[in-house]
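Student: Now for the letters of each chain:
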Amino acid sequence: MSKLATWARLKSPWVLHFNSGACNGCDIELVALLTPKYDVERFGIKLEPSPRHADVLLVTGSVTQQCAERLKRIYDQMPEPKFVVAIGACACSGGIFRGNYDVLGGVDKVIPVNAYIPGCPPKPEAIIDGVVKLLNSLKPEKPSKEEKKK
Amino acid sequence: MAKKNGKKSKSSVRPMVRALLSNLFKKPATCQYPFVKAEVPEGFRGRQVYNIDLCISCGLCSRDCPAKAIEMIEVDGKRRPLFHLDQCIFCYQCAESCPRNAIMSSKFFELATTDKSSLVVKPEEKVQKGNGEQQ
Amino acid sequence: MVLDVMFVFRVLVFPGFTFLFFFTMFCDWIERKIEARMQNRMGPTFTGPAGILQPFADVVKLLTKEDIVPRGAKKTVFRLAPILSFSIIIFALSFLPIDGAAVIPNSSFSGDLIFIMALITLANFFLFLSGWASANPYGDIGAARVLTQFLGYDIPLFLLALAPAFLAGSLTISAIAANQYLPFILLAPWAFVLFIITLQAELEKDPFDIPHAESEVVGGLETEFCGGKLAFLRLTRDTQIVFGAALVVELFLGGPYGPVFFGPAAPWYFLWFVLKLLAVVVITEYVTCLFARLRIDQVLTTNWKVLLPLSVLSLTLTIAVATWIYPMVT
Amino acid sequence: MSPKKIDMLSILQAKFKGTSVQVQPEQLGKAAIIADASTNRDVLKAMLEADEKTAVIAITGIDLGATLGVFYHIRTSKAGIITIKVEVPKEKPQIKTISDLMPGTAFDEMEVTDLVGVVFEGHPSPGRLVLPDNWPDDVFPLRKDAKLDNLQYKQTPPNETEPAGNENIVKIIVGPQHPALLEPEKFALKVEGEIVKDVQPRIGYVHRGVEKAAESRTYLQDVYLVERICGICNACHATCFVEAVEKILETEVPLRAKYIRTVLLELNRLHSHFLTLGHAGLEIGFETLFQYFWRDREPIMDITEIISGNRVISSGMTVGGVRRDINEADIPKIKGMLTTLRKTLPFYKKVYEDEPSIRMRMKDVGTLKREDALKLCIVGPTARGSGVDIDVRKDEPYEAYGEIPFKMITYNEGDTWARMNVRMDEVEESINIIEYALDNLPTGPFRVRVPRVVPAGEAVNRVEAPRGELFYYLKSNGTAYPERVKVRTPTFANIPAFLATAIGSNIADVPPNFVSLDPCFSCTDR
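Each protein sequence line maps, in turn, to chains A, B, C and D.
At position 9 of the first sequence (counting the first as 1) the number is 9 in our numbering, and the numbers step up by one without a gap.
At position 1 of the second sequence (counting the first as 1) the number is 151 in our numbering, and the numbers step up by one without a gap.
At position 297 of the third sequence (counting the first as 1) the number is 582 in our numbering, and the numbers step up by one without a gap.
At position 416 of the fourth sequence (counting the first as 1) the number is 1031 in our numbering, and the numbers step up by one without a gap.
Possibly wrong hints are sitting among the right ones.
Taking lysine-lysine pairs in the DSS-like style, the calculated list, with each CA pair at most 27 angstroms apart, reads [said to hold, decoys possible]: (1) D/K693 x A/K109; (2) D/K707 x D/K759; (3) C/K318 x B/K177; (4) A/K133 x B/K187; (5) B/K266 x B/K218; (6) D/K964 x B/K176; (7) C/K359 x A/K82; (8) A/K46 x B/K177; (9) D/K707 x C/K590; (10) A/K72 x C/K318; (11) D/K958 x B/K177; (12) D/K827 x B/K218; (13) A/K133 x B/K176; (14) A/K46 x C/K490; (15) C/K490 x B/K177; (16) D/K950 x B/K176; (17) B/K177 x D/K786; (18) D/K950 x B/K177; (19) D/K762 x B/K218; (20) B/K176 x D/K958; (21) D/K948 x B/K257; (22) B/K218 x A/K139; (23) D/K711 x B/K177; (24) D/K660 x B/K177; (25) B/K176 x D/K762; (26) D/K786 x C/K359; (27) A/K72 x C/K360; (28) A/K133 x C/K318; (29) D/K984 x D/K693; (30) D/K990 x D/K660; (31) D/K786 x A/K72; (32) C/K590 x A/K46; (33) D/K759 x B/K218; (34) D/K786 x B/K257; (35) A/K109 x D/K762; (36) B/K187 x D/K948; (37) D/K707 x A/K109; (38) B/K187 x A/K72.
Honestly, the hints are just simulated from the structure, not real lab data.
Kindly produce the complete structure, drawing on both the sequences and the hints.
Tutor: In structure tokens:
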């Protein structure tokens, strides 16, 4: 039964996007994923309006002081198994705004992050590659079953 | 059974009506990225390729980097640049201000990883030259 | 009471619950694929052959997710409403003759058209309840909008459904479907067009999809739901689409009855039913992609000032046609 | 319109002959007027009477060591910017507000209070604008002596729970995380039934302190920092900053660099307009239009990638010219993409003009009359949609806009439909400009060596960003680091337009009205 659950979880990762203080360069690349040229709906990825529906939280932007509390609240609202992907140099480490007075610099200072996609902004293909790598990193649960069998 | 498309009065066929129908039968404009390699134009600013032999460890690159993403570290006696790819904004100011052109751009953009430490590129680590190879 | 195996098989498996469950997902897949193709993109392709298992994967994933009941929500209503609304729609679907006979054999009684219309009202009421029970401001607004829009289109929907009843001379669906000597779409095309438009409003599809408009009301009544309950809410909406299309097929396109080529009639009727239903789903999807969303007050004005008088007019026109055609046929 | 030539300077000199106000022509743009806390309002009143199109572009707060400077940058119908300089003692930083004369400046004054600490008496709605609510009260980031490392933030609970007046007024918070808005900003809407009674914006979620960061980087590094204020109009920010530095250095940029800069600027405008026209479709629920627009926007991104190496942040500009040359081999490919783009325009033009569902959702929604647009100092397509014909490319041609023929588009209806159609026509103009620039690209160098240290001086500069007029004020102090960089972005000036038109409108009209403004909050908060 859990093989089916893992298969379902990999095949329909619903996505929520939160911009915690970005220059919206990464956001327009993220929204470009939904458009015909890249079309992530091929992988079953759908942009969901509310944190309750989402599995993967895509965060862009170096977390500003005001957004930090909001980001934490949204992360708590998401049901388990949830994953966080930091998109763009700002989300990974604060990028060019690292060290400013109002910037926390990096999403991992507020919530645990599962995948990092550097780039300013990363190409839409790089974001797809990041999400695919995140989903592949969930797959090794299967071989662990083979070890149990041995 | 005719597909009755009885719409109320419509003067000229609206452009949207025709566009929707024609797109239904046209090939979708989607490039199958993960299975078809994305073609990247010349001069694309991907990951840096650092050539350790040309470097004279002058430190100009780390001084000029707007995001302060290049750190000079001691490597067998000489000061070499350490690239923090998670802080780098890929503007290539370092390549411009390097007197010996030791830093070149490559067309490799698939840098996503699940652990952050792999984003720190040490100078002595042999980085594949050319473009597009996986790490 | 010896359990009639045929009855259990018929209700639970073939044209009953399991078939309807998977057929809803198939229709959802068709819809997503058609919408994607119209927008020049590919739509789900990597789950199962050509992405056909995508809706199934969505439902299974939702069922395996953690189920959160927010503190402020009204617990019992919050848990029950989605399941109830889903079961009502499935129950209503079982009255429509799918392969020559209704899902529950000899269950059609005279006047079950009105009963089914009442079931739709009940299902929408439970959707309102689920939105109202989730203590989220967007949930309340979404729920209120479901009701305002529902008040607008319910009467025209019923009046338009009466048109074929007049032509067939009876209020039982199987009877209407049976004696359609000429598919009523040809006899009363105006009723068909108006019915499709009101169907758009009932299924909350694009020109009238205000209750779950993302830009105004974040998730509408689904905002607070996650996991199993959300799966049922999404299933309710998909089953409503199948139900609406099935209703159109029964009333206007001559039900499951079509030319039978060889062998027993039931599989052929079933095939005709599915084909007609898919055609109607494609039409509704086409209309969805064609329009922008209307404002809530524009929807109400169109319902009360445009649809209602037109449906009354279409009723009178149908009566005129009935009195002219009826003596010729009987 | 005022056809007669108004010589603003002579009027002001005549009016303020004997008083303590000195008019210094040709200093910092067209003229600098030294006034003090008491006389600045009279100067402004005089200018308002003289010319109807007078508008305050920005208010710069600056720490001048002993005193705090408050500079009012003012634009009149003739080209050139007039700055009223006022100095206020540091111990008692008070000055009278001018938001009653010019309602559009309320936001500017709140920001100066936040960052530099000058209090504006009589301000209609004082309070935090860009800084978070729990920011310590005594720290002003843009002062030279501000201690910014270990800050003790006050823990104040968010005040969303304050009652909404009488009971039938529902308070809807369009929160920081909202699917329709690409960026975090909060609007507290007080709604009675379906009518919006009051809108309180709370921006500042994207405030990254760019102006303070700019002071700790060299001019060369600042170009990359300034470019990342807004991902959609990054070329405009870079050009505006670079031109300001070149004004102080008085270096002459080679003609080929000017043409390449114009191409990059227009590519920026093209991709920004396509993005907004598509996003407007998404806001009114017309998803197919969104998909089509963003599908046809991809060639523009590919052209930017070919020319500059990155799809979005083109990083083409540097002090003294352009970083890369457009090589001849790519030009036919670029021209090919542009012609395919031009073929799709009639389809979109017809859809936006007479598609019934779009007209129902956009016709006379958020109408802004011409006088209000002038009073609220609105800029860009939002103003041009209401008949105000201001366009920096025409009023004060910079780069190669003087030599390239193009039309300025204005509509007079002033509603969302008009603003969207202004952008629709401007797309056509931009394609013409790019093709003209590519056809007769002058030969010659594309870059000039520039010293790292910039002599002391001041400069003001304006550029026409896709959303409107972008304004930079730069002060250098003879070192390699700028003294003060002030950025006033177009959306910062356009938000009052949304507030004015949203109050009294239907709640369902708020999204189209909001998107017709083409808001970019990473620009607004800097």
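Student: Now tell me if each hint is right for this structure.
Tutor: Tested hints:
no.: 1; hint: D/K693 x A/K109; result: violated (51 angstroms)
no.: 2; hint: D/K707 x D/K759; result: holds (17 angstroms)
no.: 3; hint: C/K318 x B/K177; result: holds (13 angstroms)
no.: 4; hint: A/K133 x B/K187; result: holds (16 angstroms)
no.: 5; hint: B/K266 x B/K218; result: holds (18 angstroms)
no.: 6; hint: D/K964 x B/K176; result: holds (22 angstroms)
no.: 7; hint: C/K359 x A/K82; result: holds (26 angstroms)
no.: 8; hint: A/K46 x B/K177; result: holds (22 angstroms)
no.: 9; hint: D/K707 x C/K590; result: violated (65 angstroms)
no.: 10; hint: A/K72 x C/K318; result: violated (36 angstroms)
no.: 11; hint: D/K958 x B/K177; result: holds (19 angstroms)
no.: 12; hint: D/K827 x B/K218; result: holds (16 angstroms)
no.: 13; hint: A/K133 x B/K176; result: violated (32 angstroms)
no.: 14; hint: A/K46 x C/K490; result: holds (18 angstroms)
no.: 15; hint: C/K490 x B/K177; result: holds (26 angstroms)
no.: 16; hint: D/K950 x B/K176; result: holds (25 angstroms)
no.: 17; hint: B/K177 x D/K786; result: violated (47 angstroms)
no.: 18; hint: D/K950 x B/K177; result: holds (24 angstroms)
no.: 19; hint: D/K762 x B/K218; result: holds (22 angstroms)
no.: 20; hint: B/K176 x D/K958; result: holds (18 angstroms)
no.: 21; hint: D/K948 x B/K257; result: holds (20 angstroms)
no.: 22; hint: B/K218 x A/K139; result: violated (36 angstroms)
no.: 23; hint: D/K711 x B/K177; result: violated (64 angstroms)
no.: 24; hint: D/K660 x B/K177; result: violated (63 angstroms)
no.: 25; hint: B/K176 x D/K762; result: violated (62 angstroms)
no.: 26; hint: D/K786 x C/K359; result: holds (22 angstroms)
no.: 27; hint: A/K72 x C/K360; result: holds (26 angstroms)
no.: 28; hint: A/K133 x C/K318; result: holds (26 angstroms)
no.: 29; hint: D/K984 x D/K693; result: holds (22 angstroms)
no.: 30; hint: D/K990 x D/K660; result: holds (13 angstroms)
no.: 31; hint: D/K786 x A/K72; result: holds (24 angstroms)
no.: 32; hint: C/K590 x A/K46; result: violated (37 angstroms)
no.: 33; hint: D/K759 x B/K218; result: holds (22 angstroms)
no.: 34; hint: D/K786 x B/K257; result: violated (51 angstroms)
no.: 35; hint: A/K109 x D/K762; result: holds (23 angstroms)
no.: 36; hint: B/K187 x D/K948; result: holds (21 angstroms)
no.: 37; hint: D/K707 x A/K109; result: violated (39 angstroms)
no.: 38; hint: B/K187 x A/K72; result: violated (37 angstroms)
Going down the numbered hints, you'll see the structure goes against 1, 9, 10, 13, 17, 22, 23, 24, 25, 32, 34, 37, 38, while the others check out.
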